[in-house]
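Engineer: Next come the chains, spelled out residue by residue.
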Amino acid sequence: MTSTMPDADVLDAALRAALRTGGDFAEVFVEDRRSSRARFDDGKVEELVSGRLSGAGIRVRSGSSVGFAHTADLTPAGLRTAAQTAAAAARAGGSQTSAGKLSRRHAPAPNEVTVAPDAVAKARKVALLAAADEAARAEGSAISQVACLYGDSHRSILVANSDGLLASDDQVKTLFSVSAVALGDTGMQTGRESVGRTVGFELFDTVDVRDLARTAARRALRKLQAQPAPSGAMPVVIGPGGGGVLFHEACGHGLEADLIAKEASVFSGRIGEQVAKPMVTLIDDGTMATEWGCYAIDDEGRPAQRNVLIADGVLMDYMWDRLRADRADRATSSGNGRRESYQHLPMVRMTNTYIANGESEPDDIVADTPNGVYVAHLGGGQVNTATGDFVFGMTEAYLIEDGRLTAPIRDGNLIGNGPEVLMLIDALGNDFAMGSPGTCGKDGQGVPVGDGTPTLRVQRLTVGGTAA
Amino acid sequence: MHDDDLTTEALASLGDRVVAQAAPGEQIEVVLVHSTETEVRAWEGEVESFAAATAHGVGIRVVTDQRQGFAHAGSHDEAVVAETLAAARDNAAFGTPDEFLGVAEPDGVAVPEMDLWRPELATVDPETKIGMALELERAVRDGDKRICGVESADYVDALSTGAVVTSTGIRSVGRDSGCYLSVYSLAADGEETQTGFGYSVGRSIEDLDLRQAAADAVERAVRLLGAGKPATQRTTVVFDPWVTAQFLGIVGATLSGEAVLKRRSLFADRLGETVAAPFFTLTDDPTDPDAFSATETDGEGLATRRNELMTGGVLQRFLHNSYTGRRSASASTGSAVRGYAGTPGVGCMALVATPGDAAPGALVAGIDDGVLVQGVSGLHSGVNPVSGDFSTGAEGLRIRGGELAEPIREFTVASTLQRMLLDVVAVGNDLTRLPMTAAGVTLVVADVTVSGE
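Top to bottom, those sequences are chains W and R.
The letter at position 460 of the first sequence is residue 460 when you use the numbering used here, and the numbering goes up by one with no holes.
The letter at position 344 of the second sequence is residue 1344 when you use the numbering used here, and the numbering goes up by one with no holes.
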């Protein structure tokens, strides 16, 4: 494959073209992304897919407006045309900023990648799929279907801006997931398990895909005995790892500075206030080695940061990108400026968002809950940041009766209100774990994120089932 | 831009050059797309962002010795296309042999002729687009004194050209234009905030109804002010058209031939059986030019066609692409769906539930105690299309004595897909075109669990 990254002189010329008619700030973001995925379904390797996406996005800021254009043409002429289009779109004028001399900044990678996926034979990737399929089917004759997915990506990015910043990063990610269907007298049920890390093929030195497959298959099999989920408000205990989705939705999005600036968040204007029970400390950490949402620099060239958002229940800060930091007269962003690809404008996004360990024994939390629901595995979620109402799905859950886990229950959503739920968390375990790799969607853009929690209990959440 | 002169013929010619390289016994399919988009976002009376973009994509599928390989790239550069073909060929060596694999063959079905392309959209002045976004925001802010903000007010347009060329003789080109206005509003009363949205879709700028989009966004947010959490009960729910369209999309996914063949469809063995209320008729019709997602050809280059899925509550057929058609000893229904970056799946393109006679107001008037659902959340997390479990977050209004009453929020509605189709009580007469693959219509469903306090 041809190499495409433009050199500093070309980037400098593009920045000058972007600011020729004025403007306060200009940036060139170059991306070259190679990916491969292989899908095994219905007992067959359906296909291997190779993908390549490379190009540049150029933005120009002039007063309160941002102009943006992108191109797949990384030649000097291609970048100049895109720069002119972005400048025209910004309706630049007024301020005359000149591009500073580019100087390269280095940011440490959270971890090394030891086995580049591009260097691994395709046959080895395919072999993993067949092994996982076999392991899932071996869990029982009721397993009626299995789909396994292997995916890797190598994303090289380069950011140059009119402040003179020149920074680059190589982001390698590897993913594996298994989805199983079980067929019984009550119909079909599904189970899923996945692992994703910001590492290369060495992921499989420590992760046995057959274990993922068994977990997925057992989830589906257990649900064959599931009864309809209850309905109404009740105590809910969430197992280690999974609860990260709850915080991602209940307050993570609401702490993004773009939504704060538009007063589209229930957490607007609440810095310094007690917004959660004192046992709650919430951190967004882009530096967490190997986790799904980590990187050396964000998509604006700023090194990843560890940001404490809520400390002992007190709201400390929001998450910031360059645009929102500038408008709030902050010296820097918090390293949360991200974008799906060069074809998108960056915005404020989470990285790895988690709740620090509490002190309770997880078993005691369940034993102290007379009746309620225990959620062992969560699906995704969604939030309306302006009202704080959020949902998340349960894909493996059980009734709690007299302090013990009893019958499995069918899939459904739970609904709550972020600020209320933060004040209703009344137990945190000491068994912190990261959850499954996620893709967070916002304004049409998806980016990889991680999350984690210890076991926790919410005093009251509304469970969206059908049983009385 | 250097490539604005790209025509459908230029795309197809590029495809021709690739498929001409097919070796004996090898099938090649090339999908090419070229699109230009503009997106203007207004905020507080200013242009927050203006994005102008041109994008290219190529996807190449190779089938050799009953094995399939695929590769894609975001460029039409000849060298990149050559690399993509080489990668697809290499990938094919690792697939499991499957006698039903293969690209589509011409099937003689005539391509419907529809007027989906309005070239004048390409020449609309940027200032006009900016003006519409600014006016949309202003109209919402001025719409009611309780409107306290606008989260986003967008004008978006796209002109797309696509081609599918295969070594089996398919050479299909198509292009379409589309634009929409979309606005998210914030209404406040004291400490409380509620949100609403409005939109308008069209093929050219004249189709857009800015006043209606703004009025909807105002009404949806303002009427939720004061919302409380309802009690938990089983009751009748009325889905507004926006919600119905999302519900139908989930039902449609269960009727794909791929889900049936892979034993993931809860309707797999039920052709000819009654699966829905006796007046419920569901059709996938991408040949209706009024559908926002209308298209002349499918993802494999075959003509689209009208497929009736349920008639009078009876399950009529499943949808197929060429692979699932062959494997189930039938044929493609022209229902291959894909982007350039993937192989063809099977799916609905323009679903519509045949409207009934009653206006939404008349339907509400017939309900003594129920809930109007105006918004749902978490359809991706709380609906299991394999088991049929359906549970979604919701907001809306109580219905009391045949009239819309107080607003409610932070509740769920739950049932199963199987039951809901049978529990449909009425379909409204208010067919609404939406920027989705299903049209909207008011739908009344009995015996659904509303879960709140």
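Take the hints with a grain of salt, since some may be wrong.
Below, in silico cross-link-like pairs of lysine-lysine (BS3-like), each with a Cα-Cα straight-line distance of 25 Å or less [what the hints assert, rightly or not]:
| id | chain 1 | residue 1 | chain 2 | residue 2 |
| --- | --- | --- | --- | --- |
| 1 | R | Lys1262 | W | Lys44 |
| 2 | R | Lys1229 | W | Lys277 |
| 3 | R | Lys1129 | W | Lys262 |
| 4 | W | Lys101 | W | Lys44 |
| 5 | W | Lys262 | W | Lys122 |
| 6 | W | Lys442 | R | Lys1262 |
| 7 | R | Lys1145 | W | Lys262 |
Just some of the chain W residues that point at chain R, by a computed CB distance under 7 Å [said to hold, decoys possible]:
| id | residue |
| --- | --- |
| 8 | Lys44 |
| 9 | Val66 |
| 10 | His70 |
| 11 | Ala127 |
| 12 | Ser144 |
| 13 | Gln145 |
| 14 | Leu166 |
| 15 | Asp170 |
| 16 | Met234 |
| 17 | Arg306 |
| 18 | Gly381 |
The hints are simulated quantities; they were obtained by calculation from the structure and are not laboratory data.
Heads up, the beta-carbon is just placed ideally off N, CA and C, and yes, glycines get one too.
Engineer: Against this structure, judge whether each hint is valid.
Structural biologist: Structure-based check of each hint:
1. R/Lys1262 <-> W/Lys44: 11 Å, holds
2. R/Lys1229 <-> W/Lys277: 23 Å, holds
3. R/Lys1129 <-> W/Lys262: Since the Cα atoms of R/Lys1129 and W/Lys262 sit roughly 22 Å apart, the hinted pair holds (cutoff 25 Å).
4. W/Lys101 <-> W/Lys44: 55 Å, violated
5. W/Lys262 <-> W/Lys122: Violated, because 48 Å separates the two Cα atoms, which is more than 25 Å.
6. W/Lys442 <-> R/Lys1262: 32 Å, violated
7. R/Lys1145 <-> W/Lys262: 18 Å, holds
8. Lys44: 4 Å, holds
9. Val66: The hint holds - W/Val66 has a Cβ within 7 Å of chain R, the shortest such distance being about 4 Å.
10. His70: 5 Å, holds
11. Ala127: Result: violated, 10 Å to nearest chain R Cβ.
12. Ser144: 6 Å, holds
13. Gln145: Holds, about 5 Å.
14. Leu166: 24 Å, violated
15. Asp170: 19 Å, violated
16. Met234: 10 Å, violated
17. Arg306: At 28 Å from the nearest chain R Cβ, W/Arg306 fails the 7 Å test, so the hint is violated.
18. Gly381: Cβ of W/Gly381 sits 6 Å from chain R, so the hint holds.
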